[in-house]
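Below are the chains, spelled out letter by letter.
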Amino acid sequence: MQINEKLTALEAVYHGMYMTVLVVLAIMLFACLIRAVKGPRVADRIVAVNMMGTMVMVMITVLSLLLEEGFLVDICLIYALVSFLAVIVITKVYVGVFRETQQNSPGAHEEIRNRNALETPGMGEGKEGV
Amino acid sequence: MEIFEWIRLILGGGLVLCGLIIFLIELYGIFHLDYALNRMHAAAMGDTLGISFSLVGLMIFSGLNFTTLKMMLIVIFLWFASPVSSHLLAALEVTTNENLKEHCQVYDDLKILEKELKEEKEVTGGKEA
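In order, the protein sequence lines correspond to chains Z and H. Using numbering that gives the first Met the number 0, you'd call the opening residue of the first sequence number 0 and step up by one each time. Using numbering that gives the first Met the number 0, you'd call the opening residue of the second sequence number 0 and step up by one each time.
Hints listed in this document are in silico derivations from the structure and should not be mistaken for laboratory results. One or more of the hints may lead you astray.
Label pairs and their in silico Cβ distance ranges [to be verified]:
1. H:78 x Z:26: 21 to 29 Å
2. H:71 x Z:21: 33 to 41 Å
3. H:105 x Z:70: 48 to 56 Å
Calculated from the model, a selection of chain Z residues having no Cβ within reach of chain H, i.e. all distances over 10 Å [said to hold, decoys possible]:
4. 9
5. 23
6. 45
7. 47
8. 60
9. 79
10. 103
C-beta: ideal position from N, C-alpha, C; glycine also.
With the rest of the complex left out, here is chain H (with noise of 0.2 Å):
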């Protein structure tokens, strides 16, 4: 039947070229944001998402195979890794920059956030009451 093969072409050449688009996204973010945690929060989430979309959409491209199998394994296995790698990458970078404070926001302890948290609740509940 010649339409599924159409079907079949217009669908994953759609997903392909939407994970292409997300690839473009991405790589535009990591050269106009600031900071280097920043660039990390663009290339982890466009990394994910543009790889699942173009694989889903190759996917559908090779049929029902063993190859199909391959290919679900490495999106699944992308998802267990990449966020395990961002977290790393985050920790690296926190721990080796000696002046983080120009960049964000630093607490020594715990106890200041959740003072801070505290007040901003008050105030708040005051002002609606």
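Extracted from the complex, chain Z is given alone in its bound form (with noise of 0.2 Å):
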């Protein structure tokens, strides 16, 4: 695609169609964005910062056929790669910091669940538990 191209009715009607993809994707990742700040758990955010990344991946495979641009394929193939270690990673890391903290204390996760429990249901109420 160059920007002051004349193009022929096929090509207008693929661009036209690869702009609709685009702005629809667009509008979905700010949709799982609500889920990841709103989500109770942990694995509810994961999840949703998950999704946002194969969305991406779609993005980006149109743009590359939209610019014309082979190598931006590479570029996808490597996000893909690269988030699904970060999952692996931080799951890893948070069972084992929460093994960790069940075994030096036990009554440490009580003491969590509680100042949980305090700042969950409103806003202004988690500054007593702090």
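From these two lone chains plus the hints, build me the complex, please.
Written as structure tokens, this is what we have:
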């Protein structure tokens, strides 16, 4: 796609379709972000970020066909690998930290749970627990 | 041959549209379902099928290229990697949740589950006979 080129009918249809797909995927990306902010558990947030990564992969591939550059698909492949690795590392680290606090002091989990219970109902009540 | 171009447009466009619809259904499921494990189920299945349809449609647009081979590699890698990350996330959720009994049924020992299934089979076998 060049900026000042005149497009035939077929190319104009392709151009319009790629643009529509990109806009719809961008709107869905923001909706996933709402779930990432809202989700009460940690797993909700990781799942939402994973979904955002998958939608970005489709967007990169569409962009590579729109701009007629073949190397952008390599970026998509590496992004898939990195997002998979990120999920693995985050889950391993989180479970490790959880088990460590459980072993060090058996009462630590009760304190953390009570603090979370005080913080989650409303925004203004969290300052008492901390 | 211009008819092939229009066939390619319709076929590829239909597949990409199906992929977008599946992503929309998955997005609705993420917001509507109750618990984190249910949402994980919707996300994993929707992601895999949505990206497969979208990338196969884009492969049809691209023609017989090296780019097409790379897109196929992305799909195959995601088919292998997505179940692994879903399994790890479910293990994270089950391990770190103190109040798991409120959301799903928890068996401490596998033998209790086997005993329940055996009793259920005996009851249904007795009703049929």
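Taking the hints in turn, this is what the structure says about them:
1. H:78 x Z:26: 21 to 29 Å: holds, 27 Å
2. H:71 x Z:21: 33 to 41 Å: The hinted range 33 to 41 Å is violated for residue 71 (chain H) and residue 21 (chain Z), with Cβ atoms some 22 Å apart.
3. H:105 x Z:70: 48 to 56 Å: About 50 Å separates the Cβ atoms of residue 105 (chain H) and residue 70 (chain Z), which means 48 to 56 Å holds.
4. 9: violated, 6 Å
5. 23: violated, 6 Å
6. 45: violated, 6 Å
7. 47: violated, 7 Å
8. 60: Per Cβ check, residue 60 (chain Z) is inside 10 Å of chain H; nearest 5 Å; violated.
9. 79: At roughly 6 Å from the nearest Cβ of chain H, residue 79 (chain Z) sits no farther out than 10 Å, so the non-interface label is violated.
10. 103: holds, 16 Å
Hints 2, 4, 5, 6, 7, 8, 9 from the list above are not met by this structure, while the remaining hints are.
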